[in-house]
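A.B. asks: These are the residues of each chain, in order.
Protein chains: 2
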Amino acid sequence: MTRRVMIVGASAAGLRCAARLRRLQPDWGITVLEKATTYSLAACGFPYVLSGDIDALDELRSTAWGAVRNRRFFEEVKAVEVLEGHRVLSIDPKAQTLEAEGPDGVVCLGWDELVLATGASPVSLPGQPVHPRVRSFHVKEDVTSLKKGLIDGDIGHVAVIGAGLVGIELAEAFRSMWGAEVTLMEAVRHPLPQLLDDDAGALVRSVLESEGVMVRCGAAMERIEVDDTGVTVFCSEGDPVRADMAVVAAGVKPNVELAKSAGVALGKTGAIAVDGRLATSVPHIWAAGDCIEVRHVVSGEPVHCPLGSLANRQGRVLAGVLAGREERFMNVAGAMAVKVFDLSVAAAGCSLAEALRQGFNAEAVWMTTDDRAHYWPESEDIHIQLIFERETSCLLGVQAVGRGQVVEAVDVAVQLLLHGVSVERLEGIEHCYAPPFAPALAPLAVAAFVARNHMEGVRCMSPLATVAGHRVLDVRLAAEQKARPWRWGESLHIPMEELRSRLAELDNAGPWFVVCERGTRSAEAVRWLGEQGLDARYLGGGMIWRCNALGDRE
Amino acid sequence: MTRRVMIVGASAAGLRCAARLRRLQPDWGITVLEKATTYSLAACGFPYVLSGDIDALDELRSTAWGAVRNRRFFEEVKAVEVLEGHRVLSIDPKAQTLEAEGPDGVVCLGWDELVLATGASPVSLPGQPVHPRVRSFHVKEDVTSLKKGLIDGDIGHVAVIGAGLVGIELAEAFRSMWGAEVTLMEAVRHPLPQLLDDDAGALVRSVLESEGVMVRCGAAMERIEVDDTGVTVFCSEGDPVRADMAVVAAGVKPNVELAKSAGVALGKTGAIAVDGRLATSVPHIWAAGDCIEVRHVVSGEPVHCPLGSLANRQGRVLAGVLAGREERFMNVAGAMAVKVFDLSVAAAGCSLAEALRQGFNAEAVWMTTDDRAHYWPESEDIHIQLIFERETSCLLGVQAVGRGQVVEAVDVAVQLLLHGVSVERLEGIEHCYAPPFAPALAPLAVAAFVARNHMEGVRCMSPLATVAGHRVLDVRLAAEQKARPWRWGESLHIPMEELRSRLAELDNAGPWFVVCERGTRSAEAVRWLGEQGLDARYLGGGMIWRCNALGDRE
Chain A
-16 MTRRVMIVGA SAAGLRCAAR LRRLQPDWGI TVLEKATTYS LAACGFPYVL SGDIDALDEL
44 RSTAWGAVRN RRFFEEVKAV EVLEGHRVLS IDPKAQTLEA EGPDGVVCLG WDELVLATGA
104 SPVSLPGQPV HPRVRSFHVK EDVTSLKKGL IDGDIGHVAV IGAGLVGIEL AEAFRSMWGA
164 EVTLMEAVRH PLPQLLDDDA GALVRSVLES EGVMVRCGAA MERIEVDDTG VTVFCSEGDP
224 VRADMAVVAA GVKPNVELAK SAGVALGKTG AIAVDGRLAT SVPHIWAAGD CIEVRHVVSG
284 EPVHCPLGSL ANRQGRVLAG VLAGREERFM NVAGAMAVKV FDLSVAAAGC SLAEALRQGF
344 NAEAVWMTTD DRAHYWPESE DIHIQLIFER ETSCLLGVQA VGRGQVVEAV DVAVQLLLHG
404 VSVERLEGIE HCYAPPFAPA LAPLAVAAFV ARNHMEGVRC MSPLATVAGH RVLDVRLAAE
464 QKARPWRWGE SLHIPMEELR SRLAELDNAG PWFVVCERGT RSAEAVRWLG EQGLDARYLG
524 GGMIWRCNAL GDRE
Chain B
-16 MTRRVMIVGA SAAGLRCAAR LRRLQPDWGI TVLEKATTYS LAACGFPYVL SGDIDALDEL
44 RSTAWGAVRN RRFFEEVKAV EVLEGHRVLS IDPKAQTLEA EGPDGVVCLG WDELVLATGA
104 SPVSLPGQPV HPRVRSFHVK EDVTSLKKGL IDGDIGHVAV IGAGLVGIEL AEAFRSMWGA
164 EVTLMEAVRH PLPQLLDDDA GALVRSVLES EGVMVRCGAA MERIEVDDTG VTVFCSEGDP
224 VRADMAVVAA GVKPNVELAK SAGVALGKTG AIAVDGRLAT SVPHIWAAGD CIEVRHVVSG
284 EPVHCPLGSL ANRQGRVLAG VLAGREERFM NVAGAMAVKV FDLSVAAAGC SLAEALRQGF
344 NAEAVWMTTD DRAHYWPESE DIHIQLIFER ETSCLLGVQA VGRGQVVEAV DVAVQLLLHG
404 VSVERLEGIE HCYAPPFAPA LAPLAVAAFV ARNHMEGVRC MSPLATVAGH RVLDVRLAAE
464 QKARPWRWGE SLHIPMEELR SRLAELDNAG PWFVVCERGT RSAEAVRWLG EQGLDARYLG
524 GGMIWRCNAL GDRE
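So the protein lines, in turn, are chains A and B.
Position one of the first sequence corresponds to residue -16 (my numbering), numbered consecutively onward.
Position one of the second sequence corresponds to residue -16 (my numbering), numbered consecutively onward.
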């Protein structure tokens, strides 16, 4: 039995669904309705078109062999009809029809199965005026207009509102290639609050600042005033910021108006609720991509997770489901990554803050290690934060930041999060080892050692911890202390090599806070001091994390 | 109750065990016996000391903070006694004693628990003379002697026997920095036969050859003759090879003499048999590292897998077991990686050849894709081979080769192999997506799509397949055909864009063999041609894999 399938929206989810469904069902009627005339654009590449890393917008809608994915491409190569320039006005779920306005007026089309792949739109903040000097960064016109402004020299200073994934990528794009002054504002107290806790977030902030981006964290945008020569951004904290342009990157909201008008139920997050088959509450209406909510594997809660990787997979799975297969879109770990100048940042699962909000008795540990054999010349430091639950020893989340193999570690952790593994299981992970690629013990495994030790009493403290009430014991070599001194009060120096013989110099009048370069020696010291009856804990991630994170601050 | 633990061998497994056991059991007597006086060397770094990537051998026994791991270091920092220069002569398992010969004569020492971490030694081939011009590459003297020969100009041409991990790394070391002439001989018909099937192996061979290494595959070494000016290597095939030196890198065998003399049972592979706790057949005798065999998670068979990453984990686990914890060393997927000039190579699980030998009804597919968003300027091709069982759809192995993010993909696959996942599950893997790091669909997921399609009749053929009996249909654009022509007979050219309208040009007089750049379009073409009633299959991995693999050969 052939079916007529209508798909609303020609982006990742919709087109991926259409193309695969055609392969699975050669005889079905498959039509994609799209209001724009340029589509199938990989919008994740927009910041890199702005920066100049990618030459032309059209590269974002080209195949690997250089064919442009336009109406003709979909017709000839994919055998899928795209009605471009068609805006869907209404859906009649009973009659199984829809009305769309196209270049030739309004048409009424019948369907057997309807797929909503309507995507998401940028959030407008209260106090955000509608004006050419105040933009979102979501559609191709945003890219071309901002790039023109930069080329023409009209944009010398830009205020970016929101230090999430897009805001961060934008700040780099404006700064790295064009040398624009950038003020990056974030209501939360550190960048990338959806991905990171403040310890890892502070590492990102430092890199942004070292590259000349002015970062204002904990500063919520209150209103933007526009005049003939620029914008003034007023914040909850600090002086107003004067700039030529403001770009608001405060996240996106799902496009659900059509769904609502068709009686499709929304979920807790305000996005379209679907089951594992991507079916909505209305029979024969399905949804995929940035307009739906999915379930988080750690929290079990619905989340709105508008990521291109998920949209592509959803489109593919939905094609399988429509074709009658037993396919399901599974819960997600929320894996994300972002490049911040030469820093790689990745995270999956819950942050510590989020895990605590979800009611987990969550704890975290921090560690710094080499991403490859430490003697390999190109080895780089990698900073990893693990989040876990003490009672169950269950892994809840991971965050990684560094110049080396960061994303790789989180990609491995994603598989473990999806399998619900424990910290113990993480200790035993196998990996491909060769000095140019990895250390003999995988960084993630070492992070698990740190977590287990922590649960056994070798207490790992945040790299940003205040040490009030502690005496600081620095177990590094003299040269290390000199190169990266402890600058938050007094400290006692006893190199690890001498610690066992100089125990008498330590009393138990109050807790010791032990520090070293990366946390390895200090953890070992804390264990031993504990055996000697001393109260001690150590600086997680070591002085490298703390100093990288704080930069010149504090 | 305190125990006396003796550990024989001060390499990764032994020292890792000693150091952790000290942390877990502060009061136990822990002694490591080591015949050498320089130890704790990361031998995996030897090739890079030879090449000059790493300056000095001592870097291989230094900590990340620059401390040299010698007797004093283990005593002061790790509180572990190392009896260096002590060769263990015999073990009395009943009396729980051992005899060792040290600088001061023979001593007899008692133990409660004994750990054998005796490592492995290079295999000597029949016909391999004992002579300074014929070396293994296993101990530090091999490195220093060969490096001296290169520096002094005594080694202009070297014959490397065996193209396994070490042989490959050696060939690069001799060639890249020193410009030596290198002839690399391998009895099997392609390099890295433990890791790769011939399709991926041919990619490695091509890179070696393009860097000037003379590769002789399928040439077993028969004997080496030495004279005053050099060596002559006689092979089962081809002319004898004349060189200044021969280095035999034909693998290692476990050091089991002590174990045997103590009545410890060996396994099928000839290495020491242990259970998940790393206990041997003799009570209170344990073993870890390159002297033991482990169980392969895919085949279920014991394997000898002498890898530094496993030795380190075994040492750690054994310390936990000895300390009374419920720890286990789990089955392995045999993950391995090697750098071959600018190529990264990684594999895990079974090769197709090995899976067939194990009795699996195994099949393979091949694919080429981008390691990052294809429009990202630094994106590189990655070639992936998946091995799976058709009946169960179970993943059996993965091989990956390329200049980009190769090891990462295999590290993810390792976790899935260890969890015994199906190809379907692999299709749904989540990953960290951002254009600088990954494509929207993970390369491994795309490889799983290829496998599923193959099982559904979209037949994927080896990149090295002969096309005798097929007509070749090339669905690439004209420019692609010109840049990388099909050079194995006739071919019909119909670009994918025109295929649907030019169906009449194809008859069903015999099977079609469809080719494109990477296998994507040709797979789509095969599916569609099948629907039209034509018999067709396609070139897995595309022309890129085939041409990269064959180089100028054939």
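For the record, the hints were derived by calculation from the structure and aren't laboratory data.
Accuracy of the hints is not assured; some may be wrong.
Pairs of lysine to aspartate or glutamate, EDC-like flavour, derived with a Cα cap of 16 Å [to be verified]:
1. B/18 - B/67
2. A/61 - B/481
3. A/251 - A/284
4. B/251 - A/309
5. B/61 - A/284
Fair warning: this is a prediction, and the values are worked out from it, not measured in the lab.
A.B. asks: All hints are to be evaluated individually against the structure, with a verdict given for each.
C.D. replies: Hint check:
1. B/18 - B/67: holds (6 Å)
2. A/61 - B/481: Measuring from Cα to Cα gives roughly 11 Å; hence the hint holds.
3. A/251 - A/284: holds (9 Å)
4. B/251 - A/309: violated (43 Å)
5. B/61 - A/284: Answer violated: residue 61 of chain B to residue 284 of chain A is near 46 Å, above 16 Å.
Hints 4 and 5, counting from the list given before, are not met by this structure.
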